[in-house]
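Student: Chains as they are written, first to last, in the working numbering: chain A, 1 to 262; chain B, 1 to 362; chain C, 1 to 291.
Derived from the structure by calculation, the hints contain no laboratory data.
Watch out, some of these pointers could steer you wrong.
What the hints assert, rightly or not - If you want the ones that stay clear, here's a sample from chain B, every Cβ over 12 Å from chain A, calculated:
1) V22
2) P120
3) S164
4) T188
5) I201
6) L282
7) L285
8) N295
As the list claims (entries may be wrong) - Looking from chain B toward chain C, a few residues come up when the C-beta cut is under 7 Å (computed):
9) I119
10) L122
11) G126
12) N146
13) L147
14) P148
15) T150
16) G154
17) V262
18) I319
19) L329
Positions of the beta carbon are idealized from the N, C-alpha and C atoms, including for glycine.
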Amino acid sequence: MRPIELQVEDLSIYFGGLSAVEGVSFYIKKGQIVGLIGPNGAGKTTIFNLLTGVYAPTRGDIYLEDKSLLRYKTYQRCQMGLARTFQNIRLFKDLSVIDNVKTAMNRQMHYSLISGVFRGPGFRKEEREISHRAHELLEVMGLDGFAHDYARNLPYGQQRKLEIARALAAKPRVLLLDEPAAGMNPTETQELLATVKMIRDKFEVSVLLIEHDMNFVMDICEYIFVLDYGRIISSGEPAEVRNDPRVIEAYLGGDALEEEDA
Amino acid sequence: MLKKQSKRRRRDVASLVTLAVVLVVYLVMQQLINAGIINAFLRGIINLACINVVAAVSLNMVTGLLGQLVLGHAGFMLVGAYASALFTKSVGWDLSLSLFPSLLIGGLVAAVTGLLVAIPALRLRGDYLAIITLGFGEIIRVFAYNLPFTGGPGGLSGIGTLTSRTNPAGMFNYLFPIAAFVIFFSYTFGTSRSGRAVLAIREDEIAAESSGINTTYYKLLAFVLSAFFVGIAGGMYAHQIGIIAPGKFDFNRSVEILMMVVLGGMGSITGAVISATALTALPELLRSLGKVISNIPVLADILGNFEQYRMLLYSILLICVMLFRPKGLLGRAEIRILPIYDRWRNWRHNKKAAAGKGGGAT
Amino acid sequence: MYYVTQILNGLGSGSIYALVALGYSMVYGVVKLINFAHGDIIMVGGYTIFVLLGMNAPLWLAVAGSIGFCAVAGVVIERVAYHRLLNNDAPRIALLITAIGVSIFLQNLAQLIFGTNQKPIPKMFTLPAIRVGGMNVSNTLLNIVVALLMMAGLQLLVNTTKIGKAMRATSEDAGAATLMGINTNSVILFTFAVGSALAAVGAVLYSNTYMQIKPMMGGMLGLKAFVAAVFGGIGSIPGAMLGALILGLAESLSVVLGQSAWMDAVVFALLILILLFKPAGLLGQHMKEKV
């Protein structure tokens, strides 16, 4: 049995009396790729925001390998091993591609402000290492050719990849991907599929992803949770979820799924 | 083919060349001042330019690197000026001994003030942060008017200066190296991990936080460093001019410093340096030009009374820059030694090649 | 009785702040711009009155002329300085810097034309004397009444007329308003015109109350009006009025306490406290960034 990496218990949040997420519990095992799906407005991104500490939950708890995350801030959760991407890409647009990646490696360097300003030995050594690692990471993601371009000048698909590279740079245990395939054409989606699997194996991370592209989700995920109106209405392996009437019901009488199947 | 040099060696060469250029400029100017070729008038402009460069580069740390508009920078400059002047006045040491510690004290007191302002202010962003810093700047000025030891509206006078008949480069010997150091600091800070974190916050605070950056810490750091350096600028100013008063550090002064940063390009250090120097020198030079061309009445009148038109012109300039070149003259680019060096190498290489070819043909 | 007159004084100067604050609040509500130059419009209005009265124009003409000129000035400023930035969705920082530029421009232009010294304004309105504790408070009462009327009028304009509805729509979502067939450009111009006209009304009251004007008068006054607008909840019309009246009272309180030297510090301390603890102000709404 693989150990549990991330566990969520009874997670709930209310906005002005309305529940956006209600009593959600799930877990992700080490090295698993797990999908979080559901119709628009079901509360998927809200769960990401709760996990990363952008919102504080009204009720419930989040554990990263037995350690409750609630009292940690967003940046601390990232340092502890929870890195994410965003639905609407949020890169450091006016920084170079490599600096986007290096920024997320901030905590892996320890040289002081003074050493940084006066280019002390600590600065030289650590910056060299970081630079090396950042290039490696870009290489893996097929972005090394763009290393010194501004992030804003990358094509859309590459921007999505850079966001993933930046998240990986923080050495996460769990990678949260918010609609990584959004806006991609079928070829790009196929590529992404391979990339995500490769990342899981190479970097030994667990992946939790939100996605609307059903083929993508069904292909890649070992386990799926379906969210509707802030509650988990179904979960299981892709084949089980696919045939669950509650899921079909949630997706407007099943149009979405049937179309995908056809 | 051009020989490829290792990146690190190239960078070291570039740093050495920069250092050499700065040293040569410093020594040449020092000798020219001592020899009286740079007269008192020009010397005053140069010294003031050094002070304004420090102020502009320091503001660039928050406005350019962190991307937050600060409208109360003159307030921190005031704190530095008063702290530094009060120190040299009260210890009564020889100024050549007390000036340097007094500048540090000015910077530290300003940094502490900056921290006290930043802790609440940095909870806000954008417009509201700008307004709240304006508020703090005004409050600092009201304090300077009313506290028992600040001399009220008249301020402090009789502050010592190092420039004298026998030592004309007295202040310059301090001001120029300090300005050079602050430029150096600001550049290396911006390219260290701390600077990268600050830039990331400017680009997208939420993404920075999600990438493991302690945004609160780095925002405070940029703000406090900025206040520290402008505090030093305040101390430099006090000992250059000899008189300080709260009215000298009002909202208009904050706008003037901002103007230097905006014009050069928010985020560009070399831009800030160039525009700070230009905006310091221009009014003075135009005024003296007005005296020279006194036979052309209207133009001479305008130039001679340039002080009256200065802010009018600045405001038009400010609006035009925002409308037509919102990123400033240099944007976020820097003028660097390496590209110039490369061009020179290329040029030399081509010339040699051409000479070689020419030789072969004849 | 002393306290009553001080309270009335506070409400009187608060009413002048209110007229400027209303414009600040309106413009911010519609285009999310802190129009720094708005305070200087009251100075423009003051000098228009000064010039017109100096040319022996009748009082009504001086008042109407000032209101008209300021409305035009507001529109011209929007067209020349802000329009391009607003249409290009420029960063807010650029807009704010431009607005500061316009403010400095207006102050220095006035200084160049009229000199740095203050100019006297002849007596404007002859009102029956109303005495409270030996002081004639009729001008103060006039200020309060006019400000309240203007606020009520503005409230009606925004809430009941077609253009008011268009203003609210533009404020909510300019893009969607355009799709609904609203000419947002003219709505923005109208907002600047009305805001500036209100500042001109403020200028009339100011000239009548203090009987002198100077080029820099708009700077601090504008800042204080802005503080009032934030205090009341920027974007809210009754909020601006309420904020301005409270600010006026706070100022006269510091006079009563013999601390007038610290008055400006009190105003800005108030601003800082509101921004920190209730950034939406007394009657405003707060919005949060979406992740």
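Student: Would you mind marking each hint as holding or not holding in the structure?
Tutor: Results for each hint:
no.: 1; hint: V22; result: holds (16 Å)
no.: 2; hint: P120; result: holds (19 Å)
no.: 3; hint: S164; result: holds (34 Å)
no.: 4; hint: T188; result: violated (5 Å)
no.: 5; hint: I201; result: violated (9 Å)
no.: 6; hint: L282; result: holds (30 Å)
no.: 7; hint: L285; result: holds (35 Å)
no.: 8; hint: N295; result: holds (51 Å)
no.: 9; hint: I119; result: violated (10 Å)
no.: 10; hint: L122; result: violated (11 Å)
no.: 11; hint: G126; result: holds (5 Å)
no.: 12; hint: N146; result: holds (5 Å)
no.: 13; hint: L147; result: violated (11 Å)
no.: 14; hint: P148; result: violated (12 Å)
no.: 15; hint: T150; result: violated (13 Å)
no.: 16; hint: G154; result: violated (14 Å)
no.: 17; hint: V262; result: holds (6 Å)
no.: 18; hint: I319; result: holds (4 Å)
no.: 19; hint: L329; result: violated (15 Å)
Checked against the numbered hints above, the structure violates hints 4, 5, 9, 10, 13, 14, 15, 16, 19; every other hint is satisfied.
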